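Visitor: For the protein sequence lines, the chains are P and E, in the order given. According to this note's numbering, the first sequence holds residues 1 to 456 in order. According to this note's numbering, the second sequence holds residues 1001 to 1339 in order.
These are computed hints drawn from the structure, not numbers from a lab. The model shown is predicted, which means the values in this text are computed figures rather than measured ones. Note that CB positions come from ideal geometry on N, CA and C, so glycine has one too. Please note that the accuracy of each hint is not assured.
Claimed, not checked - Some chain E residues near chain P, calculated using beta-carbon distances under 7 Å: (1) I1114; (2) M1117; (3) V1121; (4) G1122; (5) I1126; (6) Q1128; (7) F1133; (8) F1256; (9) D1312.
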Amino acid sequence: MNDELRAPIAFAIMGILLAIVGFTQSWSVSLSVINLCIISSIMAIGVNLQWGYGGLFNAGVMGFTALGGLTAVLVSHDPIYEAWDKAGVGIVISAIIFVLSITALLFVFRNIENKQIKNTLIILIIVFGLIGINNFYGPSIDIIESINPAKTGFLGGLGLPIIFSWLIAAIVAGLVAWVIGKITLRLRSDYLAIATLGISEIVIAVVKHEDWLSRGVKNVSGLDRPVPYEIELQQSEWFLNLVERINFSKLEAIQSFSSKQDLLNDLVIDSSGIFVKLCYAGLFFSVLLLIFYLSQLALNSPWGRMLRAIRDNEEAASAMGKNIFAQHLQIFIIGSAIIGIAGAMLTTLDGQFTPGSYRPLRFTFIIWLMVIIGGSGNNLGSIFGGFFIWFIWIEAEPLSIGFMNMLAGGLEYDNPLRMHLLGSAAHLRLFIMGLLLLLALRFMPRGVIPEKIQKK
Amino acid sequence: MENFEFINAMVLLANFVIVPALSYGSQLALATLSLTIIYGVLRFSNFAQADWMSFGTMATILFTWLFQSAGINAGILPTALLALPFAIIVTALFCLLIDRSVYSFYRRQKSQPIVLMIVSVGVMFILQAVVRFIIGPNDRKFFDGEKYIVHALDFKNYFGLEEGLTIKSTQLITVIVALVAMISLFYFLQKTKLGKSMRAYSNNEDLALLSGINPEKIVIVTWIISSILITTAGVLYGLDKSFKPFTYFNLLLPMFAAAIVGGIGSPIGAVIGGYVIAFSEITLTYAYKKFFVYLLPESLEPSGLMQVLSTDYKFAISFIILVIVLIVRPTGIVRGKII
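Isolated chain E, as found in the complex (with noise of 0.2 Å):
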């Protein structure tokens, strides 16, 4: 049947490239907001924010433990999900701690931003620190509740289809709860008097102070918008894959070439680079061999995995994409540097 051979391969594509795509690039964009708010805002490139996922998706893991030990769950949901909310707030209140003692006295001193990075690069180091003495530096699966939505088995028996295809529950709750959080992200930076406040402070510093605007509450508010954004992406991350802080500490390049990508300091590209970056890692690295058996009559059958580029070079994808941008459009898909 020539018409099941074309649903086939469209199955086969979306189980492995589209669905995985979807729910990572979510988690990148997330992250990746978090990172470019920071950057429009407090105006550095913030080194230390991979670990400030990995220190958010710690907390979420010991509220989440705190919780089933004490026999309190989410029904289908993962447990993690009611641990969020508490995780965000120790860890907008650890952020807010580290800009009082380190990042602020920079900012009274009016220091280049090189040496804001440079003075990241020091959080990193002990927010590496506190997070494998608290937790340890292995690997760690904290998702409970029900599994799959969709399981491949089932699909393929209802649609009587050779290809099957699976949707985690984790995947679905990935992509609800981003959407969620850029679009009321979205909506307080344009619209309440916070945001375009935060806006007209990353704009023109001078001009908002002229007109009345509070700096060091655009600072904090920055902070826990951070937070909350990065405690999230680390959370569904974890949830979807597994919690390591170096695995975490590796998400930092594809954050910044996301971030890049779409335009450095603007929200949008933030979300397209997010989105960008995650679809080229899977649909480059994916071994097209078996979509063009389903599509292509036999005597055109090719005989290589047809694959772009090895599975070993997934995490490089995100740089070479990342020094493309830099050479031919510098400034990123969305025109960005300010929030």
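Excised from the complex, chain P in its bound form (with noise of 0.2 Å):
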């Protein structure tokens, strides 16, 4: 097939089957799916501008949402005044001694060069700071943690509109990821897949267990909304309005007043769901658009020319005086940053950070697959991998509930066989997934939407 053509008819696929989920199930669910659909799109951009564009092979996409979700919760959330009074100073300081400490391990690891008197002073370090650190961070924890526990018992955020967040989680991720990549890529491309994969676990085990900081497994619910409460909706004369003069014809077939009232509200507590919906989708596709625009721009630069020579073929670049180790840094800060903006806007969708929710297949191997089966190198590949995927993962439970139901189609109700495969329809999904990669791997190595080469 042309190539030209495979984007349009990929995307009109996707937006069929967007729609026909739209009338079989409900506008509802087709919305809430497009929602997800349009984040994984951007954490799919993220990972391909890493992979596609500079040859990275990061596993620790969850590590980097979860981030952009931490930082959705210390941005919004109203901070704890009595927890900073009581045990804010020994935080501080213990943040301080953490800092100093860290600051002087790097400056003997640099600059002593008595192998002994190195080791030495790096023990020593460790052991002073371990012990400063403790002398300040048990006891403060434990009153942070002892206020009010049911309800807060963390130090709480900045009290900002959460909108903030999706910037400052793409600052904080590109900080996290600066630190990771001057750690990790020097390392060979598999070597780093395992690295980041293992500082992703780390990332979530601190997200997991530091409470004064996250709640841990507690979660932090209740997060404020970028876009107004359903309730609030509901109770608004224009929202009213609109609602009967989208629906007067409707309306205006039905005869008795009270079936007119009746019809008019669940119209409207309908409406004001799929209308929250649609705000998050509006918000959400601008920052997709301008994630997209901005980094075709950057692909199509003398720095993406750059970056593209550089996963190609490094010695060639490295020849022609190109820094593979900085151009890396700079790509791998870029990508995180992005996984970063849509980690914080998932945990706006949800309303909630739910630290144990973070699991290594959903976070990390599933965005995987959305950049390679979409096409690897190509943006709208990404974008079309992350529709597709989602839409997949999303709707394959009940394809496999239904496949299963047809299988053990004439066999007893109670029929253990066929309990225990209705039981497994769940699992049908990681099959699926799995059957798709290696499909793709093996018949459409460049995905459905391909790099384009450009030939001069």
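Got two chains here, each in a separate frame; can you build the complex from them with the hints?
Guide: Structure (structure tokens):
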């Protein structure tokens, strides 16, 4: 097939699939799927920048997503003044000791030549650092976690509107990516994957267990929203009028006043849910467009060309005087920042932060599938991959249950085999994902919408 | 009695640190060996290896159930040990089937290692689905036979100490089976013709081909050895603790950490790495308070738990070590690369 036609056809099919869900299930479901599809697409673009442009295998997507989510909490949650009053000093002092010890370690590591002195100094710094931090840190977190533990029990955040967190998440994720990149980017490709996979687990462990920071597995819920609440909409005059005007013909057809009023009520409740989801979709879509536009711009700039040159032949690019490590670090930071934004958006959409829900399968490997099946090196491909794979991930469950019902069609209702088949239907989606990846790698290694090779 | 205090402290340490770490380390070492052999011969990081472990263990559990229902058992030993050889055959056959249908294509294409790694992610998904489909995602215990060799209470009464030492039979079985497996593997690699040709193939593929080594045979042998090691490791782990697909998947990172810490591609490194990771996981999260209470005079008694890291981070320790090794000595303890 002509490469030019692939993207329009792929997106048209995607649109039809989403419309089918809209008509057969409901538009509300379809919109929820779309919102998550958009977020997935943004993550996929982030990974695509790293893998498709830079050839870096970042298996730590989950870590950056969680960092984005944490940032959303820290930006939007109200500060807990009582906790700051009683234990803020202790936390700040331990943070200072931590930073000082790290700086001292780096200084010793770089500037001391004599091995014996170096090792002794390193051990001394670690021991005294740990003792110092433990002196302030332990008691402070005990105080913080004892303040109203059922509701808060953490330091809280800045109390800003949550939408700011999207930008701040990019900065936080970028900073962390800078540190991680410094450590891992000199490694060979598969070492990099393992190292980033490990580091993302460390990030999750911190978010899960440092209750003073994130409430840990107790979750933070009830985050504020960038869009109106359904209940507000249902009570506001303009929204009622809008719903009435849209459904004018439907309402006109009904004679009795009371049933007209009932229908209007139902319509208002339905539409308020859809309206909120549309608001989210609008916000997310603008972010997606902006990121897509900027990534395309970067791809076609001299900088993008250089990155691809490095990806295709490191030695040649290095011989041309390009600093491979610095370029890799740049693209690693940019890609991770984009993933961080998506993470903050996800937490915004959920309205809660649940550290226990971050699993590598869902947040790392599925995103990779999106990039590879969509077409690595092509941002449109990543967007398509984000939509397509997320759609399959969501719709695989009802489909597998249907499939299992078909398989078990002839069996009695309480036949153990039938019960087993239906009970394991949920696992079929893992199978579908694996099969899709293997088939794509084998028969369509460049993805659905392949990278454009520019010839001059 | 000054002397007794010291013995008590040592028994305490043996009971909570040394014995558990030794058995966990042996399980990890076996699993890491299989990972490192795949890496050395087939030249890619196999992300599906932890799920091969759950597949092999699942097969063992199914055979164990079969034997139990037929009334066959191994007396004081767990029935799973009888089921193990059969499970290994099933696992190896399935490994070879996946190799024929998936990996061999990329080998012929001479694909980059990173492509094979992504392929192994696809295999990982499929294996997870298969295991969960057949046996379900829940926790399963399949241990039977005699549970303890040394029981804490008997130990205390016999020696008249305050601290007891427990040695579970699974721990002893683990260490013995692991030792036997390791010795036979090293014997195979160093002394037999097939083992030597495997090492040659791993060292320099082209040269090995020129000397008439059949690559397909090497690949088959590699998968068989990997299945033996990974199934054994999985069964030992499952006997010691329990079998749950998600827990097994989580062992992937300690395995990689052990392989890299020891020096990836080096079998001796894998064994060392396995024990290093296991011992650090347990020693760094153990609360030494009671230990020091025995050893130190009362005036110096520690006030805190004397724990380096909270047990919440047990899981993260292997990665922290991994990161440190990557910074300080990326080649690992034993300089790796070839098997």
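Visitor: Hints first: check each against the structure and report whether it holds.
Guide: Hint check:
no.	hint	result
1	I1114	holds, 5 Å
2	M1117	holds, 5 Å
3	V1121	holds, 6 Å
4	G1122	holds, 4 Å
5	I1126	holds, 4 Å
6	Q1128	holds, 5 Å
7	F1133	holds, 5 Å
8	F1256	holds, 5 Å
9	D1312	holds, 4 Å
Hint compliance for this structure: no hint is broken.
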